[in-house]
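Participant: Residue-level listing of the chains:
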Amino acid sequence: MASTTLTPSQSGIPLERIEGLVIPKRGFPIGHIVSRILFWILIVFILLYTLFPFYWAVVSSLTFDSQLFNTPASYWPSQIDWSHYEFVLRNDNFIKALENSVIVSVGTVAVALLFGSFAAYALGRMQFRGRTAILYIVLSMTMFPSVAILGSLFLMIRGDWFLPTPNIYNTRIALVITYLIFTLPFTVWVMTQFFKAMPGELEEAALVDGAGPMRVFWQILLPLAAPGLVTTGLLAFIAAWNEFLFALTFTNNYDARTVQVAISQFSGRSQFELPYANRMAASVIVTLPLIVLVLIFQRKILAGLTAGAVKG
Amino acid sequence: MSVNVDVAPLPELADRSKTWRAPETSLGRSRERLAWLLVLPSLLVVAIVALYPLIETFRLSFTNTRLASTREPRSVGFDNYQTLLQEDAFRSALSHTVIFTISSVLLETLLGLAIALVIHSNFRGRGGVRTSMLVPWAIPTVVSASMWQWMYHDVFGVVNDILVNQLHVLNQKVAWLANPATALPAIIAVDVWKTTPFMALLLLAGLQLIPGDVYEASTVDGASKIQQFFQITLPLLKPALLVALIFRTLDAFRVFDVIYVMKQFASETMTVAVYARQQLIDLALLGRGSAAAVIIFLCIFSFVILYTRLIRVEEI
Chain A
842 MASTTLTPSQ
852 SGIPLERIEG
862 LVIPKRGFPI
872 GHIVSRILFW
882 ILIVFILLYT
892 LFPFYWAVVS
902 SLTFDSQLFN
912 TPASYWPSQI
922 DWSHYEFVLR
932 NDNFIKALEN
942 SVIVSVGTVA
952 VALLFGSFAA
962 YALGRMQFRG
972 RTAILYIVLS
982 MTMFPSVAIL
992 GSLFLMIRGD
1002 WFLPTPNIYN
1012 TRIALVITYL
1022 IFTLPFTVWV
1032 MTQFFKAMPG
1042 ELEEAALVDG
1052 AGPMRVFWQI
1062 LLPLAAPGLV
1072 TTGLLAFIAA
1082 WNEFLFALTF
1092 TNNYDARTVQ
1102 VAISQFSGRS
1112 QFELPYANRM
1122 AASVIVTLPL
1132 IVLVLIFQRK
1142 ILAGLTAGAV
1152 KG
Chain B
957 MSVNVDVAPL
967 PELADRSKTW
977 RAPETSLGRS
987 RERLAWLLVL
997 PSLLVVAIVA
1007 LYPLIETFRL
1017 SFTNTRLAST
1027 REPRSVGFDN
1037 YQTLLQEDAF
1047 RSALSHTVIF
1057 TISSVLLETL
1067 LGLAIALVIH
1077 SNFRGRGGVR
1087 TSMLVPWAIP
1097 TVVSASMWQW
1107 MYHDVFGVVN
1117 DILVNQLHVL
1127 NQKVAWLANP
1137 ATALPAIIAV
1147 DVWKTTPFMA
1157 LLLLAGLQLI
1167 PGDVYEASTV
1177 DGASKIQQFF
1187 QITLPLLKPA
1197 LLVALIFRTL
1207 DAFRVFDVIY
1217 VMKQFASETM
1227 TVAVYARQQL
1237 IDLALLGRGS
1247 AAAVIIFLCI
1257 FSFVILYTRL
1267 IRVEEI
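Residue numbers (our numbering), protein chains in the order written: chain A, 842 to 1153; chain B, 957 to 1272.
Hints were generated in silico from the structure; no laboratory data involved.
Warning: the hint list may mix true and false statements.
[Claimed, not checked] Between beta-carbon pairs, the in silico distance windows are:
| id | chain 1 | residue 1 | chain 2 | residue 2 | range |
| --- | --- | --- | --- | --- | --- |
| 1 | B | S1223 | A | Y890 | 25 to 33 Å |
| 2 | B | V1111 | A | L879 | 35 to 43 Å |
| 3 | B | S1048 | A | F928 | 33 to 41 Å |
| 4 | A | N1094 | B | T981 | 54 to 62 Å |
| 5 | A | F928 | B | S1223 | 28 to 36 Å |
| 6 | A | L879 | B | D1169 | 44 to 52 Å |
[To be verified] Coverage of chain B stretches by chain A, computed from C-beta distances (three or more under 8 Å per stretch; other residues unrestricted):
| id | region |
| --- | --- |
| 7 | 1005-1019 |
| 8 | 1027-1038 |
| 9 | 1090-1101 |
By construction, the Cβ of each residue, glycine as well, lies at the ideal position given by its N, Cα and C atoms.
Could you put the whole structure together from the sequences, leaning on the hints where they help?
Facilitator: Dropping the structure here:
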């Protein structure tokens, strides 16, 4: 049948032509089948391309070392070997790095969400002098190249600047502060759009009833913004969890080193052992929580990413 | 607390599309003060962790400062920049960065567009395919770099196994990362793998904004699928495509993680960000490293300006 949006009476097109539009392949059943098969081959190819590398990491992490170095490789593990996971999880440094990553990421997200939603409330729901200028600053800051300020941040972290701050090199607090560079502007930008999109009636009614703007913020707007907070917080968490350059540069041992640095420096039990299976086990441990979170929140993440990146 | 808000109801809640007018009521003025108080913490953070270090980087780039050195730094004018532009290592880092950026962004866009067009059609399991495409995006770059390092292994790697033993495309194994000729293309392939799905999802979001009747009408007019693609899809997708392109270019130009994890400071794959990090920290040459950092910043900044031109902040 013709689609409801294009009825003959509306479009003025003879009915036969529209019938022809809807069933154009009536005469070509074989061509239709071939194109369906090609289509599904494409889909399988896309899935293989996106999923195979991670699948391979999982398989390698579960394979006995003796089989890992077989050629040709086996694409399906015949036996499952957990020893690499055992090795990684018994490694004190790796556990400490996991702990550091969790604390740094959660700390960064908490500060970014608190400061970010304050700013987003002002930018999304109030008009004031300088608002446009601040929005421009925030937008360009979301793309700030962190490597450009690596050297001077290094000096500041070691207390080597004009303010008498302590040396916080190799601490988790140094990472939380510097991670705000890439999480805070993003949070402000996305949350501003969330606040802006909210209906104004509730806020207006509360203000007319005599509630102060901050009470409106805490009791009305913030609860309404909860879905936005979850999405933004999750994206900021992923960004902080995956950060590498600062973690590599501002730490020198496992007091503050994060998992990303730990993985990049992972080695075998001895210098003669290839570390790949252990590295793959560590990689899977570090990635699995993210993948689970992403799969649970996939709709929200897609919406948040498109709001953050493409808003043309 | 003022109650007579009915006279001049909060100007910011009225018509937002109108240009801003100075608040005339005391309530309006106090709202404006509050707005500034609310953005203050974020502005302070940005000033301290981004603006000040940026200015400091510019200043350092004109000195011969060294890390942890007792020697008094002095101003050297444009010497650092001159040295950089004459130095082979920096020039090759710059050309690697340009090669990396152009080829990875181009491949990601073409592949991403192709994938977006395939998933755009209606089929059973479409949601699942879309979700699976978030997996490479969610994998940390360091992890994906070590995964691919293992896959690229010259003897036991799965890439060689597939190409030599399964598909018989190559007749002998290749040391993808050790061979200077294949190292950069191999790393580009990793970046393309990680970012293509994201690109595809962004473009898919753009495709979904194109109303279906446009296609129906043009089919009635006898347009072929290929004509439809070039005359309808591509022009209507242009805004999304442009923004995604700039966004990815910015990201690719400062690439560090994937290169450092796979090849550290190897000269055949060094990009400007890796070069800057080596000068700044590993060689303790803060002055010269800062000059490299300034060059990176200026390149990226010009793209950011382009990007902010495309997004009309006033409407947000």
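Participant: Give a verdict on every hint.
Facilitator: So, going through the hints one by one against the coordinates:
1. In this structure, S1223/B and Y890/A meet the distance hint of 25 to 33 Å, their C-beta atoms being roughly 31 Å apart.
2. Under the hint 35 to 43 Å, the C-beta atoms of V1111/B and L879/A, about 36 Å apart, fit the expected range.
3. A hinted range of 33 to 41 Å holds for the C-beta pair S1048/B and F928/A, which are about 40 Å apart.
4. In this structure the hint that N1094/A and T981/B lie 54 to 62 Å apart at CB holds, the actual value being about 58 Å.
5. The hinted range of 28 to 36 Å is satisfied by F928/A and S1223/B, whose Cβ atoms lie roughly 34 Å apart.
6. About 27 Å separates the C-beta atoms of L879/A and D1169/B, a value inconsistent with the hinted range of 44 to 52 Å.
7. Coverage of a stretch by a chain is defined here by at least three residues with a beta carbon nearer than 8 Å to that chain's beta carbons; for the region 1005-1019 of chain B and chain A the count is 8, and the condition holds.
8. With 0 residues having a Cβ less than 8 Å from any Cβ of chain A, the region 1027-1038 of chain B misses the three-residue criterion, and the hint is violated.
9. A stretch counts as covered by a chain when three or more of its residues have a beta carbon under 8 Å from one of that chain; for the region 1090-1101 of chain B and chain A the count is 12, and the coverage holds.
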